[in-house]
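2 protein chains.
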Amino acid sequence: MAAEGFRALNENTLVEYIKATPSLCSQLGNLENLQIKEVGDGNLNFVYIVTTSSGSLVIKQALPYIRCIGESWPMSKERAYFEAITLQKHGSWCPNHVPEVYHFDRVMSLIGMRYLAPPHIILRKGLIAGIEYPLLAEHMAEYMSRTLFHTSLLYNTTTVHRQEVAKYCGNLELCRLTEQVVFSDPYKESEYNRYTSPYLDNDALAVREDDELKLEVAELKAKFCEQAQALIHGDLHTGSVMATHDSTQIIDPEFAVYGPMGFDIGAFLGNLILAYFSQDGHADAANDRKAYKQWILKTVEDTWKLFEKKFTSLWVENKYGFGEAYLSAIYTDTVFSRAQEKFMKALFHDSLGFGAAKMIRRIVGVAHVEDFESIQDASVRAVCERQALDFAKKLLKERRGFQSISEVVLAIKKVPS
Amino acid sequence: MAAEGFRALNENTLVEYIKATPSLCSQLGNLENLQIKEVGDGNLNFVYIVTTSSGSLVIKQALPYIRCIGESWPMSKERAYFEAITLQKHGSWCPNHVPEVYHFDRVMSLIGMRYLAPPHIILRKGLIAGIEYPLLAEHMAEYMSRTLFHTSLLYNTTTVHRQEVAKYCGNLELCRLTEQVVFSDPYKESEYNRYTSPYLDNDALAVREDDELKLEVAELKAKFCEQAQALIHGDLHTGSVMATHDSTQIIDPEFAVYGPMGFDIGAFLGNLILAYFSQDGHADAANDRKAYKQWILKTVEDTWKLFEKKFTSLWVENKYGFGEAYLSAIYTDTVFSRAQEKFMKALFHDSLGFGAAKMIRRIVGVAHVEDFESIQDASVRAVCERQALDFAKKLLKERRGFQSISEVVLAIKKVPS
Ligand SMILES: Nc1ncnc2c1ncn2[C@@H]1O[C@H](COP(=O)(O)OP(=O)(O)O)[C@@H](O)[C@H]1O
Ligand SMILES: Nc1ncnc2c1ncn2[C@@H]1O[C@H](COP(=O)(O)OP(=O)(O)O)[C@@H](O)[C@H]1O
Ligand SMILES: [Mg+2]
Ligand SMILES: [Mg+2]
Ligand SMILES: [Mg+2]
Ligand SMILES: [Mg+2]
Ligand SMILES: [Mg+2]
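Those protein sequences? They're chains A and B, same order as listed. For the first sequence, the positions run 1288 to 1704 when the numbering used here is used. For the second sequence, the positions run 1288 to 1704 when the numbering used here is used.
The following block holds chain A by itself, in its conformation from the complex (with noise of 0.2 Å):
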């Protein structure tokens, strides 16, 4: 099919290609009972869910456009090149928590993977109906811990290095999304930015008016733009990552680049902080949200922890090993628990740093978050997002006085609700 060229697929017109495929046949067994349903909910992609009475699995076509806003806003469909590539990367360093790839087709921007059944659901979802994850920290701080230490120049030579750098740097329109939906748009007038009006008009302003916060955000947006620290996922936010009780999984790296780690990790736990300060308004008389609050909160703490842990293993682990950035010749007991610090205490900062830009962005920006837009009465809402944005603002400001990620804890407690 590959060599035939581009064609919007549909429900119908995909049994054809799936039929025609014969690795995504293989997956699917007996076609007899093919059903096909197109769930996308997502911004950007076309994503169908096709099953058999023996054997399932998840097609998703990337259009040379943004879904949710049309061919007015034309987006390389080779982005579904970079998404698969990069499921297929870290997925090799992280099978537990990436769907497998079983099938890519470049020319159509096409591909086959891993269907996650239910009860899977988008953690954003899970977080706005208060559902406890018990491994959550574990697991995202396994997928973060594992893929990004072993994309970064801590395992890999820099021939590899640079060899890999130089392929992303071809998923430059994402890139280029996300340089202004997070780190321009917010702070200028723009056409795309939205925030709950009449309530946030004056809180939308005195971001625009900031001039402490632009400056560290033009520090952020420099990393972004030019620190390629390892291949990070580019969008991990809460509804890019499918959970149940026992199971978290990382979907659409879509905007997957080598960048700053702290990227992805900020985006995770700022994303979470999210949810964190909408619960008030998810609250009711069944409900009250208070314990759950402290479960999200645990969760922030936990999943830096554990992933300070674990990455610092890899590290420990992989010091004799072809990464170049620390010698082992050179890093020699001391001095090489002393780096190890040093780096964590950045990558601490530059985490919290994207983490705040992060929310930021949702509030004020052009992309809001399911967790406040789905609290009906906008005053409501209001509320908590000014809570939210109040509270991003400090961090990014003030991120280089956190110690740990416990005091991030103690100040977001210690915000009045």
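Just so you know, nobody snuck in bad clues.
When chains are identical, the list treats them as one kind, so a pair holds in a single copy or across two.
Quick list of in silico lysine to any residue cross-link-like pairs, SDA-like style, CA-CA up to 25 Å:
#1 K1585 / H1524
#2 K1592 / L1697
#3 K1475 / A1493
#4 K1454 / M1362
#5 K1680 / S1477
#6 K1684 / V1622
#7 K1680 / K1700
#8 K1629 / S1471
#9 K1684 / V1468
#10 K1606 / E1496
#11 K1629 / Q1467
#12 K1596 / Y1607
#13 K1376 / L1464
#14 K1629 / V1468
#15 K1592 / M1631
#16 K1475 / F1623
#17 K1510 / K1629
#18 K1606 / D1498
#19 K1510 / H1636
#20 K1510 / H1437
#21 K1680 / F1623
#22 K1681 / A1633
#23 K1475 / N1605
#24 K1606 / R1495
#25 K1510 / D1620
#26 K1681 / D1620
#27 K1306 / Y1389
#28 K1376 / M1362
#29 K1475 / M1631
What the hints contain is simulated information worked out from the structure, not anything from laboratory work.
Following the hints, position chain B with the ligands against chain A.
Using the frame of chain A, we list chain B with the ligands on its own:
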């Protein structure tokens, strides 16, 4: 010729190559008095001066190994490609200080460029001879500000930037050489390290055992390997500059890559400071070199100050241009000035760090500088080298404490000689 594949040329076979290459012939005019002389005093490549009665040019050819070591240290001859495109790119932004490229043959790894005729000499030789260059600071500031600014995100879109970054990732073998000889070997035992023995044995050992130094070097190495800030020359020591009283020409950018701007600025300033500390070894009855030392320090100071002035002026001039790091809609008026100050301060400290690292490696690493090597008396040489080394260590560790280049120069003056 290009299609015939690579052949290492010599003074004889180069004649035929030139005759078959119109772009070279037209530069030389009448070929009857063709004279060819190999003059490569560099470490890596072959350089031929070609003259006729009506014209002249230089031919530089890269062989697939490092010239001064031989075939036992292979090195991609594609470095000639990166040198050629960088001469062209930097030349387009600063034609006054970069020799024109007449011809490039990628298969032959061969560049034809303007012959920088006498009285041009390699700046390092001029510094050893005690020659003052009244326009050097101005010209180097011009070169560095124009090349670095126009290849950064202060001037370019991220689209252009990522495309360029990808291309230069291919120059990884040369980058690896830098990583090894600048950021690694001096800090560990290495068969390649050399130093004025036995005088500096303990000093070299102290470098290998200095944990503070190693922590700082790790940070700089990571920046070099990860930060694609601008298209840097990559080897901007005083041996890559040819100068006369009123001309300054930058040659030999075969190490070019998208890297931290401070790497170039530091290379130049660090090598000036090495020249400074070598002067006592060149003093004699006729010239105590005291005034010359002051001229070198003035040049250090002027270079940075003029660089800062020119660079920030370019930034102001291009404030409403394509550059995407600081969008004019966000960085208005006062915050724009503050962003510039913050940027320049970070760049200053980067430059000091890289400059110091470049100094250290020239004293205890594989490649030394003629400034010191030409001091015959080893005990005298060792004293000069130790002063430079001690100052460089201090500069590397305490660079963030320096608020201005004047403070750095003051600290240099305070070194007891
Ligand atoms: N492998 C999968 N298994 C089950 N559902 C999936 C899978 N991949 C995507 N989905 C569903 O499709 C939605 C959109 O997928 P996503 O990859 O996030 O697309 P987009 O790039 O458009 O955001 C997800 O929110 C999820 O509900
Ligand atoms: N364009 C030129 N004009 C005059 N001399 C040159 C020119 N280019 C190189 N040279 C001479 O050749 C020497 C080696 O050139 P260089 O480009 O530094 O080679 P390498 O990469 O081997 O260090 C220089 O030190 C200089 O003396
Ligand atoms: Mg998605
Ligand atoms: Mg997103
Ligand atoms: Mg997506
Ligand atoms: Mg040279
Ligand atoms: Mg060279």
